[in-house]
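Q: Sequence:
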Amino acid sequence: MKLKRQTLVSGDTSEEEIGHNYLSTLMYGRYQRDLSEAAREEARRLRRLRKKRRRDDKLRQKELAATGKPRPRGKFFKVLGYIWRHTFARLGEDWIFLAVLGIITAILNFAMDRGIAICNNARMWMYNDLATSTFSQYVAWVSLPVCLILFAAGFVHIVAAQSIGSGIPEMKTILRGVHLKEYLTFRALISKLIGLTATLGSGLPLGKEGPSVHIASMVATLLSKLVTTFQGIYSNESRNSEMLAAACAVGVASCFAAPVGGVLFSIEVTTTYFAVRNYWRGFFAACCGAIMFRLLSVWSGAMPTIKPLFPTNLPQDFPFDPQEFAVFVLLGVVCGLLASLWIWLHRQYVLFMRNTKTLSNFLQKNRFIYPGFITLAVMSILFPPGIGKYMAAVLGNQEQVLSLFANFTWSDELTAEQASIVSHWRTPEVEYWGCLIIFFFSIFFLSMVSCTLPVPAGIFVPAFKMGASLGRFTGEVMHYFCPLGVAYGGHIQKILPGGYAVVGAAAFTGAVTHTVSTIVIVSEMTGQVTHLLGIMAAVLAANAVAALLGPSCFDSIILIKKLPYLPDLLSSASRMYDICVEDFMVREVKYIWNRMTFQQLKDLLKENKAIKSFPLVDSPASMVLLGSIHRWELVRVIERQVGRSRRLQVAAQWHRRALQDEARARTRRPSRFEVTPAPDMLHAPGTGMTRGSSLTTKDQGGLLPSPGQLFRPKSILKKTNSFTLTRGLASPPPQATTPSPASSPAQVYSTVTGAETRIRAAFEAIFRRSTLLQDVEGGLSDQLTPGLPRSPSINKKVQLPRERVCDMSPEDQKAWEQLEMAKEIDFDRMLGIARKRDLLPEDSEYEDETLYICHIDPAPFQLVERTSLLKVHSLFSTLGVSRAYVTAIGRLIGVVALKELRKAIEDVNSGVLTVATRPSPPTTPLPTIIKVPSTQPAPPSDSETAKLTTSEKT
1 MKLKRQTLVS GDTSEEEIGH NYLSTLMYGR YQRDLSEAAR EEARRLRRLR
51 KKRRRDDKLR QKELAATGKP RPRGKFFKVL GYIWRHTFAR LGEDWIFLAV
101 LGIITAILNF AMDRGIAICN NARMWMYNDL ATSTFSQYVA WVSLPVCLIL
151 FAAGFVHIVA AQSIGSGIPE MKTILRGVHL KEYLTFRALI SKLIGLTATL
201 GSGLPLGKEG PSVHIASMVA TLLSKLVTTF QGIYSNESRN SEMLAAACAV
251 GVASCFAAPV GGVLFSIEVT TTYFAVRNYW RGFFAACCGA IMFRLLSVWS
301 GAMPTIKPLF PTNLPQDFPF DPQEFAVFVL LGVVCGLLAS LWIWLHRQYV
351 LFMRNTKTLS NFLQKNRFIY PGFITLAVMS ILFPPGIGKY MAAVLGNQEQ
401 VLSLFANFTW SDELTAEQAS IVSHWRTPEV EYWGCLIIFF FSIFFLSMVS
451 CTLPVPAGIF VPAFKMGASL GRFTGEVMHY FCPLGVAYGG HIQKILPGGY
501 AVVGAAAFTG AVTHTVSTIV IVSEMTGQVT HLLGIMAAVL AANAVAALLG
551 PSCFDSIILI KKLPYLPDLL SSASRMYDIC VEDFMVREVK YIWNRMTFQQ
601 LKDLLKENKA IKSFPLVDSP ASMVLLGSIH RWELVRVIER QVGRSRRLQV
651 AAQWHRRALQ DEARARTRRP SRFEVTPAPD MLHAPGTGMT RGSSLTTKDQ
701 GGLLPSPGQL FRPKSILKKT NSFTLTRGLA SPPPQATTPS PASSPAQVYS
751 TVTGAETRIR AAFEAIFRRS TLLQDVEGGL SDQLTPGLPR SPSINKKVQL
801 PRERVCDMSP EDQKAWEQLE MAKEIDFDRM LGIARKRDLL PEDSEYEDET
851 LYICHIDPAP FQLVERTSLL KVHSLFSTLG VSRAYVTAIG RLIGVVALKE
901 LRKAIEDVNS GVLTVATRPS PPTTPLPTII KVPSTQPAPP SDSETAKLTT
951 SEKT
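With the first letter of the sequence shown counted as 1, position 78 gets the number 78 in full-length UniProt numbering; the numbers rise by one all the way through.
It should be emphasised that the hints constitute simulated quantities derived from the structure, not laboratory data.
There may be inaccurate statements among the hints.
Think about it this way: if two alpha-carbon atoms lie no more than 27 Å apart in a straight line, the pair counts; the simulated DSSO-like pairs of lysine-lysine are [what the hints assert, rightly or not]:
no.	residue 1	residue 2
1	Lys602	Lys590
2	Lys590	Lys903
3	Lys814	Lys602
4	Lys606	Lys899
5	Lys602	Lys357
6	Lys561	Lys58
7	Lys606	Lys590
8	Lys561	Lys609
9	Lys357	Lys590
10	Lys823	Lys612
11	Lys606	Lys836
12	Lys903	Lys562
13	Lys181	Lys836
Bear in mind the structure is a predicted one, so any value in this text is a computation, not a measurement.
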């Protein structure tokens with residue numbers, strides 16, 4: 001058996017063994033080539049073979065297409081292709097995409113409404129049926145909301161914290177062109193759906209309009225990614241922004257079944273400059289969402305037919321007296337004042353909680369204390385046997401709004417059905433006047449506190465309820481003082497407080513959000529257009545007062561969260577035309593230049609960690625702007641130069657070169673001189689020599705020719721301290737002390753002196769440690785013990801060794817990094833190669849593996865120093881620009897970002913930055929003019945030309 005194996009190894013060596021440099025020996029043989037290198041070469045060979053096959057396949061397809069032969073395809077693939085072309089392939093078309101967006105959003109909103117209804121019914125069932133005493137009723141009333149809020153807070157914090165809050169402020173920022181990380185992801189969608197259902201199911205005074213807008217935007221983004229996966233032509237930023245604008249309209253339409261008002265609301269709230277081409281997209285998607293939302297209500301049995309969300313029965317022949325317009329306008333002014341007060345108190349409360357460091361740190365470490373305590377306090381106030389009996393706490397949001405919109409006066413003689421409605425707003429202690437006031441202020445403060453919880457929530461519904469209660473109170477007061485109505489033109493009509501409730505709801509909601517589209521939303525929600533003119537008067541008055549006193553609730557949240565969104569310029573501030581870019585730009589620009597070293601770039605990045613993009617100039621002397629490069633691109637440039645992959649590649653080259661030098665040294669011709677060991681090496685252990693012995697042809701094992709073929713021996717040994725070390729080469733493994741005939745030919749004697757022996761041994765030990773082959777995972781425990789190879793019969797399980805890499809020692813790595821970091825960066829070459837790649841993407845001539853081609857923006861947005869503030873604000877808002885470089889005749893002199901522009905707008909609106917207080921620009925030296933002497937005569941001036949013309953005429 002052994003003889004057969006030896007014959008196989010020596011005579012019948014396979015091609016694979018020859019490719020691995022298999023060396024035949026007397027026993028089993030051994031491989032001289034590294035297995036990892038062989039594996040890499042095999043991978044390269046397979047890669048080349050795969051490319052060749054791909055080219056052959058393309059060539060075959062072209063030949064088949066040219067000859068007209070049909071491609072082999074079965075009936076199944078034909079049917080599958082037909083179904084794909086007529087179903088999913090059309091998903092990228094705008095009509096299909098918008099319809100699917102509206103339907104999916106409506107289904108999600110309907111599912112959330114069903115979940116919210118189940119939670120509310122469970123709470124009321126526990127309160128009415130399970131509890132037998134007041135204490136047990138209190139526990140049943142409080143326990144479920146606290147558990148739901150704690151679950152929502154924990155779930156949202158674990159899954160996606162980006163789903164906390166309304167969502168409309170962030171959508172305004174995204175549509176302005178700012179990318180918010182992980183805000184429109186699938187994780188955020190799941191977190192928003194489950195968290196919002198649990199939050200509204202708890203019974204807190206919160207809404208769902210803002211979260212519905214966020215949900216629709218996430219659905220649109222996920223659908224866009226799905227379409228992009230199928231058809232890459234739809235992968236562009238413009239189309240994504242158009243679909244997000246349509247999604248905002250779908251969110252409002254699916255929430256309140258108000259498609260027209262949803263489109264107008266999305267335009268007012270989320271966009272500064274609206275593209276008219278997106279108008280039909282928003283209407284179509286909103287109509288699909290609203291129709292599907294109402295159809296689901298009918299199919300589920302919740303409603304007998306399609307009807308408004310809050311139906312009213314206001315008379316149409318004489319809805320209100322024209323003299324009541326003054327009361328409507330006054331109601332709008334009051335709503336504007338109270339809405340501005342609510343926004344201001346909410347912002348001050350949040351800032352107080354944030355600025356109190358001790359309280360803020362404590363609540364951050366104990367995340368469940370604040371939501372649990374606030375929920376317990378709010379539900380304790382809303383407890384029906386307690387204060388809740390004065391604010392109809394046993395009714396849900398829809399029942400409360402419907403009772404406030406009731407088309408009868410609460411002080412008149414009531415029927416049994418009307419008395420059951422009024423019974424929730426009247427107690428033996430307090431009449432409905434006091435109940436309406438208590439209800440308004442309770443929702444006023446409780447909604448303000450509840451909005452600060454770390455859960456998904458909106459503010460539209462609480463504002464709607466506050467306005468409806470305020471309008472109902474105003475209508476009841478008008479009816480009290482004018483029980484028969486207001487006489488006009490001989491006709492007397494009773495005052496209907498329900499109409500005042502509708503007007504108040506639209507006015508307060510419009511004042512909180514700073515929108516006039518609530519006119520259409522309320523008309524669609526109630527199904528009545530009789531009070532349309534009164535609603536318009538009240539909403540316009542409320543918006544005028546609220547805009548004069550402060551920002552909207554969404555802009556206030558943007559200021560609190562410090563989102564990168566630009567505030568609006570006040571139209572009364574004429575200083576916006578006098579303030580220019582040079583008055584607020586940053587003049588100390590951090591820039592990079594061509595031919596800078598890697599070390600300079602590294603220092604620049606370390607010193608300016610907050611800068612996301614750096615301008616590229618020609619040189620620090622000329623400062624000519626060439627483009628801009630993102631920060632992560634520059635980091636990759638440095639990583640490509642001195643990173644781990646490059647370091648291992650260089651170390652492998654060193655090791656390969658050392659192996660070549662060793663092989664070359666072993667195969668050199670024998671010396672014609674007689675080599676005699678130094679005196680200090682005669683007693684060296686393991687040499688087998690004694691003093692006085694000399695090397696002979698027999699001892700050298702045939703390395704030297706016979707003495708007759710040698711020249712006369714000459715002594716070349718001299719006392720010297722010079723020596724040569726091979727860098728990157730590992731020392732050979734220690735051999736056995738007893739020399740063998742097979743190992744004696746491998747012994748090589750070098751001409752060294754006795755003084756150099758100890759120095760050489762020390763350095764060889766150092767380099768042996770620095771050039772060890774290390775595992776990829778960083779361990780040396782799996783290294784085999786050097787010696788004779790083990791018999792394959794000992795271990796039945798054969799396992800291939802892991803891939804090993806050759807790395808540098810810390811000293812070598814530090815020296816190598818210093819040399820590499822001192823090299824210059826050729827940005828011009830990168831830009832040239834990138835342009836050639838864009839022109840000829842399939843040409844492999846422009847591939848350069850040693851140079852990382854970073855993306856350079858050759859045309860960043862630029863401004864001149866005399867650009868007015870109004871133009872800068874318009875450009876940043878329209879184009880979604882994050883920064884702009886200020887240049888003068890191509891020279892970089894400053895930079896303007898959103899932070900500087902926002903500060904300038906706030907200073908101009910407040911009157912801090914004026915023409916008198918603006919900083920004076922520094923004086924720049926005039927450029928030197930170099931006159932070049934010319935041999936050609938100068939052209940005649942205008943005066944000389946006029947004289948010549950006059951002389952010719954005369």
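Q: Give a verdict on every hint.
A: Hint check results:
A threshold of 27 Å between alpha carbons decides the hint, and for Lys602 with Lys590 the separation of about 13 Å falls inside it, so the pair holds. Note on Lys590 and Lys903: the hinted pairing holds, with a Cα-Cα distance of about 20 Å set against a maximum of 27 Å. Simply put, Lys814 and Lys602 have alpha-carbon atoms about 15 Å apart, close enough for the 27 Å limit, and the pair holds. Proximity of Lys606 to Lys899 is assessed by CA-CA distance (about 21 Å); at most 27 Å being required, the pair is judged to hold.
The straight-line distance between the Cα atoms of Lys602 and Lys357 is roughly 36 Å, outside the 27 Å bound, and the hint therefore fails. Between the alpha carbons of Lys561 and Lys58 the distance comes to roughly 55 Å, so the proposed pair goes past 27 Å and is violated. Between Lys606 and Lys590, the direct Cα distance comes to roughly 12 Å. Compliance with the 27 Å bound is thereby established for this hinted pair. Distance hint between Lys561 and Lys609 is fulfilled; the C-alpha atoms sit about 21 Å from each other, no more than 27 Å.
For the proposed pair Lys357 and Lys590, the alpha carbon gap of about 34 Å is over 27 Å, so the pair is violated. Proximity of Lys823 to Lys612 is assessed by CA-CA distance (about 24 Å); at most 27 Å being required, the pair is judged to hold. The straight-line distance between the Cα atoms of Lys606 and Lys836 is roughly 32 Å, outside the 27 Å bound, and the hint therefore fails. Restraint check: the Cα-Cα separation between Lys903 and Lys562 comes to about 12 Å, which is no more than 27 Å; the hinted pair holds.
Straight-line distance between C-alpha atoms of Lys181 and Lys836 comes to about 33 Å, which puts the hinted pair past the 27 Å bound.
The earlier numbered hints that this structure contradicts are 5, 6, 9, 11, 13.
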